[in-house]
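Chemist: If you read the protein sequences in the order shown, they are chains A and B. Residue 438 in this note's numbering sits at position 438 of the first sequence; the count goes up by one each step and never skips. Residue 533 in this note's numbering sits at position 533 of the second sequence; the count goes up by one each step and never skips.
Treat each hint with caution, since some may be false.
Because identical chains cannot be distinguished in the list, a pair is counted as satisfied if it fits within a single copy or across any two copies.
Stated by the list, open to error - Within a straight-line C-alpha distance of at most 25 Å, the following computed DMTMM-like cross-link-like pairs (lysine to aspartate or glutamate) qualify:
| no. | residue 1 | residue 2 |
| --- | --- | --- |
| 1 | K377 | D342 |
| 2 | K466 | E490 |
| 3 | K499 | E54 |
| 4 | K499 | E68 |
| 5 | K499 | D565 |
| 6 | K120 | E21 |
| 7 | K88 | D98 |
| 8 | K95 | E142 |
| 9 | K466 | E58 |
| 10 | K466 | D545 |
| 11 | K466 | E59 |
| 12 | K514 | E62 |
Note that these hints are calculated values from the structure, not bench results. Computed from a predicted structure; not experimentally measured.
Below, each chain spelled out in residue letters.
2 protein chains.
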Amino acid sequence: MRQSNFFMPTLKEAPADAVAESHKIMIRGGYIRQVTAGVYSYLPLGYRVLRKAERIIEEEMERINVPEMIMPHLLPATLWQESGRYYKYGDEMFKLKDRHGRDSLLGPTHEETFTEIIAKNLKSYKQMPLALYQIQTKFRDENRPRFGLLRGREFVMLDGYSFAATREQLDKQFDDQKAAYKRIFKRAGVTVHPVIADSGTMGGKNSTEFQAPAAIGEDTIATNEKGSYAANLEMAKSIDTFKQEPEELKSMEKIATPGCETIDQLTEFLNVPATRIVKSILYMADDQKILVLIRADKQINEVKLGHLLDANEVREATADELVSVTGSQKGGVGPVDADWADKIIADETVKGLYNVVVGANETGYQFQNANLERDFKVDEFADIRTANEGEPDPVDHLPLQFTTSIEVGHIFKLGTYYTETMGADFLDQNGKTQPVIMGSYGIGVTRMLSAAVEQNLTEHGVAWPKEIAPFSLHLIQMKMNDEDQTKLAEKLEAEFSEKYDVLYDDRKERAGVKFADADLVGAPLRITIGKKAADGIVEVKRPTDDKAVEMSVDDLAAFVAKELD
Amino acid sequence: MRQSNFFMPTLKEAPADAVAESHKIMIRGGYIRQVTAGVYSYLPLGYRVLRKAERIIEEEMERINVPEMIMPHLLPATLWQESGRYYKYGDEMFKLKDRHGRDSLLGPTHEETFTEIIAKNLKSYKQMPLALYQIQTKFRDENRPRFGLLRGREFVMLDGYSFAATREQLDKQFDDQKAAYKRIFKRAGVTVHPVIADSGTMGGKNSTEFQAPAAIGEDTIATNEKGSYAANLEMAKSIDTFKQEPEELKSMEKIATPGCETIDQLTEFLNVPATRIVKSILYMADDQKILVLIRADKQINEVKLGHLLDANEVREATADELVSVTGSQKGGVGPVDADWADKIIADETVKGLYNVVVGANETGYQFQNANLERDFKVDEFADIRTANEGEPDPVDHLPLQFTTSIEVGHIFKLGTYYTETMGADFLDQNGKTQPVIMGSYGIGVTRMLSAAVEQNLTEHGVAWPKEIAPFSLHLIQMKMNDEDQTKLAEKLEAEFSEKYDVLYDDRKERAGVKFADADLVGAPLRITIGKKAADGIVEVKRPTDDKAVEMSVDDLAAFVAKELD
Chain A
1 MRQSNFFMPT
11 LKEAPADAVA
21 ESHKIMIRGG
31 YIRQVTAGVY
41 SYLPLGYRVL
51 RKAERIIEEE
61 MERINVPEMI
71 MPHLLPATLW
81 QESGRYYKYG
91 DEMFKLKDRH
101 GRDSLLGPTH
111 EETFTEIIAK
121 NLKSYKQMPL
131 ALYQIQTKFR
141 DENRPRFGLL
151 RGREFVMLDG
161 YSFAATREQL
171 DKQFDDQKAA
181 YKRIFKRAGV
191 TVHPVIADSG
201 TMGGKNSTEF
211 QAPAAIGEDT
221 IATNEKGSYA
231 ANLEMAKSID
241 TFKQEPEELK
251 SMEKIATPGC
261 ETIDQLTEFL
271 NVPATRIVKS
281 ILYMADDQKI
291 LVLIRADKQI
301 NEVKLGHLLD
311 ANEVREATAD
321 ELVSVTGSQK
331 GGVGPVDADW
341 ADKIIADETV
351 KGLYNVVVGA
361 NETGYQFQNA
371 NLERDFKVDE
381 FADIRTANEG
391 EPDPVDHLPL
401 QFTTSIEVGH
411 IFKLGTYYTE
421 TMGADFLDQN
431 GKTQPVIMGS
441 YGIGVTRMLS
451 AAVEQNLTEH
461 GVAWPKEIAP
471 FSLHLIQMKM
481 NDEDQTKLAE
491 KLEAEFSEKY
501 DVLYDDRKER
511 AGVKFADADL
521 VGAPLRITIG
531 KKAADGIVEV
541 KRPTDDKAVE
551 MSVDDLAAFV
561 AKELD
Chain B
1 MRQSNFFMPT
11 LKEAPADAVA
21 ESHKIMIRGG
31 YIRQVTAGVY
41 SYLPLGYRVL
51 RKAERIIEEE
61 MERINVPEMI
71 MPHLLPATLW
81 QESGRYYKYG
91 DEMFKLKDRH
101 GRDSLLGPTH
111 EETFTEIIAK
121 NLKSYKQMPL
131 ALYQIQTKFR
141 DENRPRFGLL
151 RGREFVMLDG
161 YSFAATREQL
171 DKQFDDQKAA
181 YKRIFKRAGV
191 TVHPVIADSG
201 TMGGKNSTEF
211 QAPAAIGEDT
221 IATNEKGSYA
231 ANLEMAKSID
241 TFKQEPEELK
251 SMEKIATPGC
261 ETIDQLTEFL
271 NVPATRIVKS
281 ILYMADDQKI
291 LVLIRADKQI
301 NEVKLGHLLD
311 ANEVREATAD
321 ELVSVTGSQK
331 GGVGPVDADW
341 ADKIIADETV
351 KGLYNVVVGA
361 NETGYQFQNA
371 NLERDFKVDE
381 FADIRTANEG
391 EPDPVDHLPL
401 QFTTSIEVGH
411 IFKLGTYYTE
421 TMGADFLDQN
431 GKTQPVIMGS
441 YGIGVTRMLS
451 AAVEQNLTEH
461 GVAWPKEIAP
471 FSLHLIQMKM
481 NDEDQTKLAE
491 KLEAEFSEKY
501 DVLYDDRKER
511 AGVKFADADL
521 VGAPLRITIG
531 KKAADGIVEV
541 KRPTDDKAVE
551 MSVDDLAAFV
561 AKELD
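Next up, chain A with everything else stripped away, as it sits in the complex (with noise of 0.2 Å):
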């Protein structure tokens, strides 16, 4: 490809509400242009780098045989309302009336599709095992899209579903995309750890994520340093209960603590730490009042709450309710006497403490040296805390170390929740009927693509895994009425081009001009036509080099396909 054809609009300055370095990139080398809030157009340059992306998925998804389709972009909200996510999905859904007023969306995803699909046209376990995947434009309303193609509104997903007979055809469909995520993190250069997670609203277990590092990233892992132990915080064990020497249990009094709202304030006014209070947070879950208790230096981690109590909704009480249901304001609540409650449940931290502070339900008094047992009853224990760095892991109890990063992709077994919501069933080989068994796989596409970029940046621009670079090799002609630069430049293209993704930089343009744009192209050999073309000597550089190497032209051959293949 001659550069002078190739629309390749690149700019000096990234425009000011660029944050990420990825994004930064992409528009100031012409990858991409904002159309409007999280929406973007793929301009030539990052359509390639698409493309090679998706080529990439269809090889490993040919490799274990899941063939590819694709649903509409455009979906009735009545399967939707079937499966009761058209109410549940909130304000991220896009929602339209067409022009009969009938009620559609955008989708954001496709489980309720494909699952219907399935409902019409698989009828015997014959037919099973099964999967299919597509690559398709999702579509959701962020609040705050940012980071460019990190969190957009409009972006491209890979989403593949699996269904299966048996528990045991599931397992196997599991691990076989896993290996295939695998593979294709690898050959897109995107470094992942699979880590456990949680399911969100997809109403699964048994949920893995690739979360891929980077200083950008809005999630955050917990790993350990021999690679044994790997999750999403959200998910992470803590088993670092911390013990308290036993002691003997002293009365149980109330005290003042006037304008104490925190703990920081309560800390400060009592002169007691932190892992001598107990916090009291009211939450509700759908219509149950849940008094939840935790040590005061550790934080509730409601997704592990939310799996506990395995509501439809669970949420902090207001402040309105606070006051009607306990009788205090914030940092007045507490666990004794709170018959209030329908059920009582405490972190285990909470366990084995004495002679602790909690709110005495009235605001602006706590009760000093109450006792577990003796002054308050739990109904239930259970990790419902956010792990800290440091503490050991469940595994090998090593330190858990935290790092920031992109949640790239997503496997789950589904299991039964929209086959049986939405009558997707089939004869097993007893003649009995049954409901499919579903599986969901996911990759965010345009997000892999930023996630190569913010692990691969360089000091001006980026050196893109080798699958996925827009070009593999970047030939630069100093200057072009030369005619020595132009032949040997013309010659070496010709040559390359039978192998290679060449861009030839052909354009009227200062070296200095030349260099920066190819410092954005990130292609990963560059292959400079100066001054010494005429005596067959030329300059190579990879993005990640410091400076360019001069190399004789008879070399070259041999040194591209080192690099290239």
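Go by the hints and put chain B onto chain A.
Modeler: Positioned in the frame of chain A, the structure of chain B alone reads:
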């Protein structure tokens, strides 16, 4: 690909609403499934055909050095308000509001977004000629979606745009695209006529449609047997004006024609041929009242009339407008003393008529023996009639032949409509600001697939053109529990998969089921491995062959190469 792994739900019967043969076959063969009116999912078989068509386009666009990119589906209304099309497009545009209440739309086409990106990034004549294209899902809320992929509400289109500094550059770009389009349709196995076409709401001239003859087509094209003339009927020139022998002018008389509202009623009542009656129809062109005259055996062609009037909106007057403007109901309107008309336009067929019947501007009355110039005046004569089959064509005066056809592509020289409206200027060689000159190019990709099926029907299915067939070779094993058959089938699968897309029917199904499905798959070559497998004999059949013929496996490789390469 093993058919047992391949999701391809076939049906014995097409749904009742499927009228077009291509629609029936695509549903019955498990290529597509409707998700909601005019919106389809492409199952693995259909997706393969779609991807192959896209690959042909990609190769041919690369050949003319046009890079691929992709614009978003979700577009801000502001861009379309700027061009004015937000208001003009009407109910066919899907409109929605995002969570912040901002007006958005789903792109029915992308002139605005491409013009905008050029306006922002292209500054100098040095950056042109430039062209770009995308293959993308488009959305148009058709009032009556029908015929499967032929008229859907969500469909795949190639849309390309060219940008030029001079008319000469545009002409070259247009010719390159035209040649590429011809190659694309040829490779996709779709027979097309490039015809003179209207540019519709696009606001351009010099427009060519690619029309694929097919019984189900909604367009009509007019051609001659020599191939020297081809036009969309709505643009076909009519040169046949029918001259009357001169007659003595008789005196004009008003006569009662009670109850005559149509030409048929009038010819019967008066016993006068339609060729001696002048029909008068009132049109509203924006705010102008235009009286249009035509010889009564001809039909007014509103496309031609629209081009002549060059108004934003041209429409026939309503019944109420007719009475209030002319004083007469339908049937009685005429050109005599029609001072209320801002302009009287007549088709050329009205020239050279003598003693004709015209409306008397009074319900139920006509004038007999009216004569041009003496009794009524015409401001402008033009060809505003629909040509009739058998008329002489305007090039070689051969009889026009009419064919129903499917519009599969459309290219035209758009000019500066969008670039002037949206401020896409460049500096020319003299440093003068000029609007960029655009061309616009489109192929209905999913519609092209329907056309391919319509043109390649067989008795029980389809004979896919080689380059877009979902599979090149269909291996059918008759008995899955016959070891000789399995051995031979697996050997042939391994051998031919290296070079061709092979579908191997390894299902435990009856032969009748396998053959019926194979007719719907329509691979260019079917090889059946049956009873004589042990003797190295198979049966081969093309979809267009009446019967399969036996062949030794020794001859197979050469035969397959001859057929498929």
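Chemist: For each hint, tell me whether it holds in the structure or not.
Modeler: The hints, checked one at a time:
no. : hint          : in the structure
1   : K377 <-> D342 : within (12 Å within a copy, 93 Å between copies)
2   : K466 <-> E490 : within (23 Å within a copy, 35 Å between copies)
3   : K499 <-> E54  : both (20 Å within a copy, 22 Å between copies)
4   : K499 <-> E68  : between (27 Å within a copy, 20 Å between copies)
5   : K499 <-> D565 : both (10 Å within a copy, 22 Å between copies)
6   : K120 <-> E21  : between (46 Å within a copy, 23 Å between copies)
7   : K88 <-> D98   : both (22 Å within a copy, 17 Å between copies)
8   : K95 <-> E142  : both (13 Å within a copy, 18 Å between copies)
9   : K466 <-> E58  : both (17 Å within a copy, 22 Å between copies)
10  : K466 <-> D545 : within (15 Å within a copy, 48 Å between copies)
11  : K466 <-> E59  : both (16 Å within a copy, 23 Å between copies)
12  : K514 <-> E62  : between (39 Å within a copy, 24 Å between copies)
Of the numbered hints listed earlier, not one is contradicted by the structure.
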